[in-house]
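Residue numbers (the numbering used here), protein chains in the order written: chain A, 1 to 188; chain B, 189 to 775.
Among the hints, a few may not be true.
[As the list claims (entries may be wrong)] Listed below are several chain B residues computed to face chain A (Cβ distance under 8 Å; list not exhaustive):
1) V311
2) R315
3) D498
4) P499
5) K504
No lab work stands behind these hints: they were computed from the structure. Computed from a prediction, not measured in an experiment: that's the story for all the values here. Using N, Cα and C, we set each Cβ at its ideal position, and we do this for glycine too.
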Amino acid sequence: MSLNLKKGVNRQSAYNLRDPNIDYEAAHTLSIIVDNESGVLARVIGLFSGRGYNIDSLTVAEIDHSGHRSRITIVTSGTPKVINQIKAQLNRMVPVHEVIDLTLKGKAVQRELAIFKVNGTGNQRVEALRLADVFRAKVVDSTLKSFTFELTGNSEKIDAFAELMEPLGLLEMARTGIVALLRGHNSS
Amino acid sequence: MKSSKEKITGAEIVIKALIEQGVDTVFGYPGGAILPVYDELFQQKKIRHILVRHEQAATHAAEGYARSTGKIGVVFVTSGPGATNSVTGLTDALMDSVPIVVISGQVPTFMIGNDAFQEADTVGITRPCTKHNWLVKDTNKLAETIHKAFHVAKTGRPGPVLVDIPKDVQFASGCYTKKKKVSTDFFKSELSIDPNLLVETVQRLEKASKPIIYSGGGVINSGEKAVNLLRKLVSKTNFPITSTLMGLGSYPASGNNWLGMLGMHGTYEANMSMHDCDFMLCVGARFDDRITGRIDAFSPSSFKVHIDIDPSSINKNVTVDVPLIGDVSIILEELIAAWEKRGSKVSTQKLGQWWKEIGEWKNVKSLKYTNSSSVIKPQYALQKLEEHTRGHNRYISTEVGQHQMWAAQFMGFEEPNRWMTSGGLGTMGYGFPASIGIQVAHPKSLVINVAGEASWLMNMQELGTAVQYRLPVKQFILNNERLGMVRQWQELLHGERYSHSWSDALPDFEKLAEAYGIKGIRCEDPAKLDDAIKAMLDYPGPVIFDCLVEKHENCFPMIPSGKAHNEMILGEKTQSDNISDQGAVLV
Ligand SMILES: Cc1ncc(C[n+]2csc(CCOP(=O)(O)OP(=O)(O)O)c2C)c(N)n1
Ligand SMILES: [Mg+2]
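If we strip away everything but chain B, and leave its shape as in the complex, we get:
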């Protein structure tokens, strides 16, 4: 590449800026409006391009890449349909705070607004589903804009950004601006630690009789330091800890103080502890409606401390007593230091009593299910999968539905960045492309996508990508021939009228695998499951595992819509009268 004083084309600038940002992998799909960039891509060796089969998959693959590495995921798409296909992934990344940069081609500047071929108002369409986006009309501003885009994607609460580049801007020549020449003052992460609030938090913590730590994806986003501090805080205080779906792995599932996930399908002990606690330390979570249940009955008697990097998360759903705004690692460090300075005190005796109470809730064994010797129970399948893969260098992604919740319940995560699932948006079709992105980032690791058959079909075209790049991703499909989660809600809420919630005309997954030259395994006998899973793990390439499971299993425990944490239902019996008319309108 030429020196920075010389003028180079916009397309060259794009590649040069990405390399300067440390990008080694791009997921994308070419088309007319981004061809100059693809031409440059062809003529270099530093960036690897993974050709997906649909642009939505490129965005999810970039999310998988980003969440499993802590780096920024990068995507190339063309104008019009390429850009609109990326909208779901952008929205998903916004909801789950995943840093990705999408570079989209656009029709030439002089044709914008004329309904040109493959023109779409990409910045207009993606404005509400990005942290920020840019339309670059001047090649001289291109490098600066790309560097700014990377800065915004990772600063503060991470999220997706998009840079839309008209084709003439890619062709024209301009000056390259180095990363260090671009000021980042325009966008900063807020930090406000009021020492008085810190002291108040510590005082409350010391006196708490029924404390709980509720952690979320923010801990993982903050990074290793935050994870270690969280673990330190838990072990030094001996407080119980629960986590959101997004936060699994920041505290190890095998840890002594782990209560399991909380929320709609969380464990009984986690939800009851949340409800009855008197001191709640929320670390990098956002009181999402899946977590709180009925908002006016959420943890009624607790003193709530909320650590979050995003000031707009404070008091959005739940009013808290103490907000601590900033990066989790910084705040936890200060908090622990302040607590240690005062002698690292906790109310040991009361805490013992609290653990006893929690022990009783644990004894309810809310994840129990009735196993069967004739049909594979989905929970059993996941217990087996966990058994055979525990201790492996393992990454798990999921689709969305019952299987996702069972995976969260039955698989144990010991480390952060090992669990990728679509939490905020609940995007069916996320898991398969995410597993591809993860495998690209970790070629030697075991990557399994725990899928439902319906979700998996939404991005099954990515088989081509897996095969082309020899990505040995394991597609573990819990096939209940149902849109299981929808079916469950129809059973509980809609008088067992199963409107369009079965998966008809399913493909023969083994033959589908065969058609792509990969391995297909079908298993429907619980007695053969161990061997079948071993066969999947032993196979060096991609596998589609069609695990035929009980079709009518419901996912429990469950906080029905509009109910409080202490109104969970546990059992397998239908509980339609448990949901009020008010609750029924909630999703």
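Only chain A is shown next, with the shape it has when bound in the complex:
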């Protein structure tokens, strides 16, 4: 015997009436202060891969040697619900001291550093150098056939420079991923 729906009860739930925009995905930059101990990065990354969260960019380095603290900066994307889950999951990890959602907290300075090796001769070479100047990239190494540029900026700037270098003999590039801090005089 199967039970019929009660009269007046709609199969479609009231959840369908909620704000549809609640499900939009957005990128968030999270700054995570952790104990600098072995395995801590594996724990954080394992959380993201194990629970199926995105990582668009990740950087990590020690920021307080005597206090054994590192800052992990992760750019992730998801619906507000997923972002809240990520923060709650991170917060309950033993070596995690603080999780700061820079995207929610206000405006943040976000920077990446990239190194480009561009091979070329003649006009190509001149053009590469000229554009590097426009972008305020530094020449950090050169041979008669190549330049190695260093560039810092936000991710869009780095993408744009890479695109310009492509036809001018871009051989390879390396970039750090995003580091970020809140603007203003307060700590994050």
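For this one, chain A is given, so just place chain B with the ligands on it according to the hints.
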């Protein structure tokens, strides 16, 4: 033991730290990499060691011990295979929030990474299935780490931790650190009670016309105080209460307001009340998919308040209106105080109407089944078991499958910590070793494992443990010669193609008992069941009770995958068309 200023070996430190933590029992299995610890164990009298027959069983026994006592379960395993064998138990404990501490041996520090004999990356392997784990490379840090491990296991939402100790660290000498010298600031339990939210909750509670309290394992984990407060709240408000599989016993099954368990195999009245309620107070439960059914049709018109100690449980599956984060006992205390301060009001008249509605659902008698005089129905067997053991000082564990759900439906739990079952992970093979852990903790009590024959075989090697330690555990096997729950799903979902879901080549359980020098009982006649159960209860030692039951019984009621609470199926007829293609991909 020597004074704390003197240096002692790592192995001595392990034992000393456990004793300081109040540990009296360890479940384990020795091997090369943990031998120094076993050597120390041999030379002391404060800690009792139970030698299991497989490390998975050690972890489940520790879970049984922990859940039946509220203490922390402790396990010793060796490196490599010993550690990997503990993974299922760790995962089980993580899912069901059971505090256990596993101490594993590891190859010496200078050999780590060389593929040494019995080397495994234990911290790597157990990272996702522990709350936290540690590899200790310095004997001076060993005591501190063990104290931290105990702190993490029991703080906030309880769970498993692991401390991996290389053999050279066990041999080397170092200083002991006392528990009180170890700061616990590094890991705290969160508490956030916004007074405004508390008031909002109380206002909603006062006005609710169709309220329900939905409680879970968090109440039991919180302890006696939480249980008493929950009972007080229910009796003072006269609200109906249902519970998850993990929460059975926090409100007594004989209580007036009890609706039975909710969820996939919960009662009709519990699920319908959840669906139609207008105010839901979730106390220490986590809106698991077995509970909610189809998520977008879950309790569509209720105002939801969620009490949980773990902030990551909030809005994970179901969006709630008011989260109250913290220990159940603290939050309930504040909530009840706030409600009493405003005059302990409820909407009595509407509540009466609601109870009437619930009464109609109760009249459906969703647990009814057709009994038989020729074959034992599994439900009947459990009703009989309940009848003969009710009022006993009794603990029940289960394996996983139909028998587990029937046990939850047909056995009544009056007190917390009396019911141990693998909920979150659904681990076949949990029940027998868990019953051993329970019996070790409660030597004088009646401990019964309600088992399915297939699950029971998964850790049947523990007969040796039961016999060695004279643990009179009763293994009540509902033998349907089937992987019954799998068979049921194949019947409902896979066109009755019973792919590998029968238990072939079963042992003769009576002879198996005989081989271990314990008692075996077989019963297949409903008329003889009473006497057979009495014989089991009268026997002072371990018993394997082979209860041959109807092979094709299905477990009802059931919310089919992908369906809502109000789309339960009750009857015995096959309902394959009840499950949509979308539902079929769900587990
Ligand atoms: C370790 C493990 N493997 C597989 C499963 C999937 N599974 C769930 S119930 C079940 C059948 C259990 O059979 P039995 O123990 O005889 O219990 P019954 O359902 O017949 O009462 C299986 C195979 C599981 N839960 N755990
Ligand atoms: Mg079976």
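Right, here's what the structure says about each hint:
no. : hint : verdict
1   : V311 : 6 Å, holds
2   : R315 : 6 Å, holds
3   : D498 : 7 Å, holds
4   : P499 : 5 Å, holds
5   : K504 : 6 Å, holds
Of the numbered hints listed earlier, not one is contradicted by the structure.
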